[in-house]
Amino acid sequence: MVQIDLEDEGVTLSVEHQLSEEELRLHREKIMRFVTEADRGAFICEDGTGARIGLLMYSIVNREGEYLWPTIFRELDRGMLQEDGRFIEIFQLWVHPDHRRSGIATKLKLQLEEEARIVLVNLIYTHTEERNLHVLKLNERLGYREVRRGPIWDEVVRVSLIKQLSC
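Quick note on the working numbering: the sequence shown kicks off at 1 and runs consecutively.
Because the hints were derived from the structure by calculation, they are not lab data. Because the structure is a prediction, the values reported are computed rather than measured. One or more hints might be untrue.
Under the rule of at most 20 Å between Cα atoms (straight-line distance), these lysine to any residue pairs were calculated in the SDA-like manner [what the hints assert, rightly or not]:
#1 K163 with E83
#2 K30 with A42
#3 K163 with I90
#4 K30 with N62
#5 K163 with L120
#6 K137 with R101
#7 K30 with E113
#8 K163 with E114
#9 K30 with I44
#10 K163 with K30
#11 K163 with F91
#12 K137 with F91
#13 K163 with E23
#14 K107 with G143
#15 K107 with Q92
#16 K137 with G41
#17 K107 with V119
#18 K137 with R100
#19 K107 with F91
#20 K163 with Y144
#21 K163 with E113
Using the sequences and the hints given, assemble the complete structure.
Listed below in structure tokens is the structure:
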């Protein structure tokens, strides 16, 4: 999961940004929390040889929580969320370039919807860069709707999308 996340496919980074050893260590720790902490999870899709061809990592978060990084969570309309303020945030969605446009991302997102129903969460949040038109089309096809467009933690314009579920 660390290797996939560090590929940063579909993410615009400034030319001068490279991870230091300390940043790399902290990043690995962050990814490890997805397999060890409650309210986090991942779905991994493999091909017939066991090669990883898809990954979706998620967190169950709360709009009112304290975060060490910039978020737009408090900008979400409180009325869209369930009473306790929880929702699922997609942290990472990745499909190997040789397997894109074959339904893997759809399967991973539908699996996440099933997980949301199991844990009684009624909203899924995701964002992508404005330039990722194929990802925006996928989300639209799956019933996500745009709730915000603009920078979050840097100057890159990102589109924030949500899907409300019936639990």
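- Task: Would you check the hint for K163 and E113, treating anything up to 20 Å between C-alpha atoms as holding?
- Result: holds, 9 Å
- Message: Between the alpha carbons of K163 and E83, is the straight-line distance 20 Å or under?
- Response: Answer holds: K163 to E83 is near 17 Å, not above 20 Å.
- Given hint G143 paired with K107 - CA-CA distance at most 20 Å: holds, 14 Å
- Query: Quick one, are K163 and L120 close enough, alpha carbons at most 20 Å?
  - Reply: holds, 14 Å
- Task: Quickly compare the C-alpha distance for K107 and Q92 to 20 Å and report which way the hint goes.
- Result: Distance of about 14 Å is within 20 Å: holds.
- Regarding the pair K163 and K30, is the alpha-carbon distance no greater than 20 Å? violated, 25 Å
- With a cut-off of 20 Å on the C-alpha distance, tell me whether K163 and E114 pass. With Cα atoms ~13 Å apart, K163 and E114 stay inside 20 Å; holds.
- Does K30 pair with A42 here, judged by a C-alpha cut-off of 20 Å? holds, 13 Å
- Message: Hinted pair, alpha-carbon criterion (20 Å max): K163, Y144. Please report holds or violated.
- Response: holds, 4 Å
- Item | Agreement of K107 and V119 with the hint, judged by alpha carbon distance not exceeding 20 Å | Measuring from Cα to Cα gives roughly 19 Å; hence the hint holds.
- Task: Verify the proposed pairing of K163 with F91, using a straight-line Cα cut of 20 Å.
- Result: holds, 15 Å
- Query: K137 and G41: Cα distance at most 20 Å?
  - Reply: violated, 25 Å
Checked against the numbered hints given earlier, the structure breaks hints 7, 10, 13 and 16 and satisfies all the rest.
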